[in-house]
Amino acid sequence: MPLQEQCLWENLTPQRPQMPTFKGELNVDVCVIGAGITGLSAAIHLLEQGKSVCVLEAHRTGHGGSGRNVGLVNAGMWIPPDDIEAGFGEAVGSQLNRMLGAAPALVFSLIDKYGIDCQLRREGTLHMAHNAKGEADLRSREEQWKRRGAPVELLTGAACEAATGTTKIAAALLDRRAGTLNPMAYTSGLAKAAGDLGGQLFDHSPVTGLERQGQRWSVQTALGAVSAEQVVLASNAYTEGEWTDLRRNFFPGYYYQVASKPLTDATAERILPGGQGSWDTRQVLSSIRRDADGRLLLGSLGNGNQKPAWFLKAWADRVQQHYFPYLKGVEWECTWTGCIAFTPDHLMRLFEPAPGLVAVTGYNGRGVTTGSVVGKAFADYLCSGDAKALPIPFAPMRPLSGTGLRSCLYEAGFSLYHAGQCLRIVI
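Residue 389 in this note's numbering sits at position 311 of the sequence shown, and the numbers go up by one each step.
Take the hints with a grain of salt, since some may be wrong.
List of simulated lysine to aspartate or glutamate pairs, EDC-like, C-alpha gap at most 20 Å [unchecked claim]:
hint	residue 1	residue 2
1	339	289
2	270	126
3	191	458
4	224	126
5	246	347
6	211	160
7	211	201
8	406	395
No wet-lab data here; the hints were simulated from the structure. A quick note: this is a predicted structure, and the numbers were derived from the prediction, not measured.
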């Protein structure tokens, strides 16, 4: 069967909201640019505090990384908590660790409060060590998180094999704060909640200009303009147009996934039987999880749109056969790619380039939880004016040099590594 270029999460979310295109003029308290997790979380929390809100999406709600990611509801960032405090300083870093450590709980509370059907599992996630160096890294992370009171546990031996379903992983860090979901369904649920609260949401309405007019902002589209006291720029890696410098503050990277047809063989139940999602300690990391229908989902850093279907199938076969050789006749059903906003130090950035205008970038692949937290923090800040509501202070915009070259070098490295996997040179 041919491998379809189609996002699985879209197929599994039949009730995606259909929003109109924005036309005419509109006056609101806050205009949110980008109907992804960050923008919709901001909209919900602004509406809950009595603000009038308009959300403008260039494509369709959930179009970007918010609807195309792995669906891991992770605590913290990719880098360890000690490194976060070293990067931001102890005071700011410890606050960020606290807020992102509690981020899964915020996601779960939004899902519960607004009755979002997104195939949520709350059994945690597994960070898997692919070699001895990876195991040492996980032992260090376990110690760091336990020092901060987090419910994490390093699984080894039989416990690790039982949790992961493979003998190829010597250790796995179980984080019980975390979970998995269908990210498109979560994003769609946030959009419905924002609409039910009175928010005005518009799809296929790309912003063409942003101007300060007196004490208000004019957010312009091809067919109209929104006048707002405050603006949230929440487009992150999918920022488009020359009207903003935000996209010069990150370099784009990509992450592709390949999903199988639902696995019916009884041996498939050995794979991640506790319902956790997982990712490994490789520098070119891979992710493994199953969905509610029993599909096997494999993912890795890189742009799948630039790779032929036979290459993606060969890569998926290699990874599956390495970790789960007992599976027979796996048929790969679909593949899709999402874009990630990377920063050189793997730390996100918050900006306030002008009064009443806030922006964020650099989630580095942790958008489900980080976007939910930042959206709420922006709402609380815009309502109160208190910067203590933010996970980190605002930073000045300092455009990166050579963003295109950085992206090309990353992609070349990822592709070379994946080719080595397909040729069984590396795994």
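Verification of the supplied hints:
With a CA separation close to 49 Å, the supplied pair residue 339 and residue 289 exceeds the 20 Å bound. About 14 Å separates the Cα atoms of residue 270 and residue 126, which keeps this hinted pair within 20 Å; it holds. Note on residue 191 and residue 458: the hinted pairing holds, with a Cα-Cα distance of about 18 Å set against a maximum of 20 Å. At roughly 35 Å between alpha-carbon atoms, residue 224 and residue 126 are farther apart than 20 Å, so this suggested pair is violated.
A threshold of 20 Å between alpha carbons decides the hint, and for residue 246 with residue 347 the separation of about 17 Å falls inside it, so the pair holds. About 18 Å separates the Cα atoms of residue 211 and residue 160, which keeps this hinted pair within 20 Å; it holds. About 26 Å separates the Cα atoms of residue 211 and residue 201, which puts this hinted pair outside 20 Å; it is violated. This hinted pair checks out: residue 406 and residue 395 have alpha carbons roughly 11 Å apart, not beyond 20 Å.
Going through the hint list in order, the structure does not satisfy hints 1, 4 and 7.
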